[in-house]
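2 protein chains.
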Amino acid sequence: MITTFALTDNTKQIQNMNNLPTIGKYHFMAEPFHCDFTKHLFIGHLGNNLLNAADFHSNERGYGVNYLNTINKTWVLSRLAIELDEMPAIYEKFTVETWVDNVMRYFTNRNFKIANEDGRIYGYGKSIWAMIDTETRQPVDILKVDNQTILKYIETNYDNPIKKSSRVKLDNNLILQKSIVANYSDVDINGHVNSIKYIEHILDLFPLEWYKQHTIRKFDIAYITEAHNDETLKFYTDKKIEMVSDEVAIQITKSNSEGEIEVCRCKITFV
Amino acid sequence: MITTFALTDNTKQIQNMNNLPTIGKYHFMAEPFHCDFTKHLFIGHLGNNLLNAADFHSNERGYGVNYLNTINKTWVLSRLAIELDEMPAIYEKFTVETWVDNVMRYFTNRNFKIANEDGRIYGYGKSIWAMIDTETRQPVDILKVDNQTILKYIETNYDNPIKKSSRVKLDNNLILQKSIVANYSDVDINGHVNSIKYIEHILDLFPLEWYKQHTIRKFDIAYITEAHNDETLKFYTDKKIEMVSDEVAIQITKSNSEGEIEVCRCKITFV
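Residue numbers (full-length UniProt numbering), protein chains in the order written: chain A, 1 to 271; chain B, 1 to 271.
For reference, chain A alone in the conformation it holds in the complex (with noise of 0.2 Å):
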């Protein structure tokens, strides 16, 4: 079903057409209060920077969300894998690099490298992204999309060390964590849960004391299903926390009328 587009020699010659670089580099600062307890930048507000990294990027070439809300389209996000070394600390500045170096029919890969001014690298993200209509909530052809816009601005010669992930996977015997209703401040600019507050809930299953032992090398989620204000947000692991060493699974379920609904997967890795 999903066709893998081969780069052709005539997609490559229309690159830059505007002048623009395949790769956007954005500045960012671990702002004082965005920083954790150990005065490193919590791995959400690192994760809204990628975001932002990305819709900076696809506004300048023409392809983001600001040209996509003319026509009644928009990105969604659907995977989002960081592997960090090291994280900001804070009043630390730091640029995250963001190309694309794959479009699909219904799905585009886009990349980060997260580094500071001297080029030492913190880290690399590797995420999914579709593309559907804001009214239908269908995937889109993204390939049928605006003359193919996004294919003046890949990238295939740029590395990322972060390999192709693999769906996570999850015993049949998941740990009910938590339960919370999404409401006003979990919302995003179109009514779903915001892809970050996810991040901070899931985080929030660890103690305060975990994060003294433990740093974040590895965070990988899979957006699923959208879930909106109101809906019962159920939070379960693969092991009892206290049992957690190394690594972990998290399921994120919705219940509302239709029953409960697989909303997203993640996997953690700590050091």
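Don't read these hints as lab results, they were simulated from the structure. The structure displayed is predicted, hence computed values, not measured ones. Do not rely on the hints blindly, as some may be mistaken.
Copies of the same chain look alike in the list, so a pair counts if it works inside one copy or between any two.
[Claimed, not checked] 27 Å max Cα-Cα, derived BS3-like pairs, lysine-lysine: (1) LYS73 to LYS212; (2) LYS152 to LYS73; (3) LYS93 to LYS73; (4) LYS240 to LYS73; (5) LYS39 to LYS73; (6) LYS73 to LYS25; (7) LYS212 to LYS239; (8) LYS152 to LYS25; (9) LYS239 to LYS152; (10) LYS197 to LYS164; (11) LYS144 to LYS178; (12) LYS197 to LYS39; (13) LYS197 to LYS178; (14) LYS197 to LYS218; (15) LYS144 to LYS73; (16) LYS25 to LYS93; (17) LYS197 to LYS212; (18) LYS39 to LYS218; (19) LYS234 to LYS163; (20) LYS197 to LYS234.
Add chain B to chain A, keeping to what the hints say.
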């Protein structure tokens, strides 16, 4: 006990010795993932930008937490009032100007003006800060610290229409609305519940539907006691949520082995 410090001609003369103006101006944008479902900046994120501006301004002038931490002292936010005619919309760039107009022995008054690049004013903020010793957690006489650096940057000729706010009065018959346990994401670099997180939790007392009909005109919060990880926060209002028309008072308490202690009190005026 608290003496207002009168500016002398001498302190005026030593202003700007570092060529930095008394008023600092900082640039922000209403980032897409910091906007609510109405596509306007969440007030919590605006509050965060005000605190950033305060932090940048005081650090640049040598009396910020970067210096204070070296002598085991820090600034603590005691009160924050925000009055808004309008809230920045998604992607709008805005500036926060900040200046200190008065320094007393134990408190300083810091002002904020929020405008766009064309000078259209969104609103103002007013804040009161105390300086404390990070070991004893006791107030410190601001005028005895570092040769009164702060006095070099007093600005008394820039207007802020926010009136000096009076203490929020609370009924005896408060209604308990929710109870949460403060955890990892709530806690800031000092190990205390983040000032902005209280604002987010307060706004979540109102259903999303409420914000379809109402916007925040004034938000005034007094921080009384610090709360910590694992403490239970209780949120009370002076009227039933469904009975709120334009004004509501909120109290937050924390419960620990010493009983229930007031943490914040807040008044919101909606239009």
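Here is what the structure says about each hint:
no.	hint	result
1	LYS73 to LYS212	between (43 Å within a copy, 23 Å between copies)
2	LYS152 to LYS73	within (20 Å within a copy, 54 Å between copies)
3	LYS93 to LYS73	between (34 Å within a copy, 25 Å between copies)
4	LYS240 to LYS73	neither (41 Å within a copy, 40 Å between copies)
5	LYS39 to LYS73	between (39 Å within a copy, 17 Å between copies)
6	LYS73 to LYS25	within (25 Å within a copy, 37 Å between copies)
7	LYS212 to LYS239	within (20 Å within a copy, 41 Å between copies)
8	LYS152 to LYS25	within (17 Å within a copy, 38 Å between copies)
9	LYS239 to LYS152	neither (45 Å within a copy, 57 Å between copies)
10	LYS197 to LYS164	within (24 Å within a copy, 36 Å between copies)
11	LYS144 to LYS178	neither (42 Å within a copy, 49 Å between copies)
12	LYS197 to LYS39	both (20 Å within a copy, 17 Å between copies)
13	LYS197 to LYS178	both (15 Å within a copy, 20 Å between copies)
14	LYS197 to LYS218	both (18 Å within a copy, 26 Å between copies)
15	LYS144 to LYS73	within (12 Å within a copy, 60 Å between copies)
16	LYS25 to LYS93	both (13 Å within a copy, 19 Å between copies)
17	LYS197 to LYS212	both (22 Å within a copy, 21 Å between copies)
18	LYS39 to LYS218	within (19 Å within a copy, 32 Å between copies)
19	LYS234 to LYS163	neither (29 Å within a copy, 45 Å between copies)
20	LYS197 to LYS234	both (14 Å within a copy, 22 Å between copies)
Taken one by one, the earlier hints fail for this structure at numbers 4, 9, 11 and 19, listed in ascending order.
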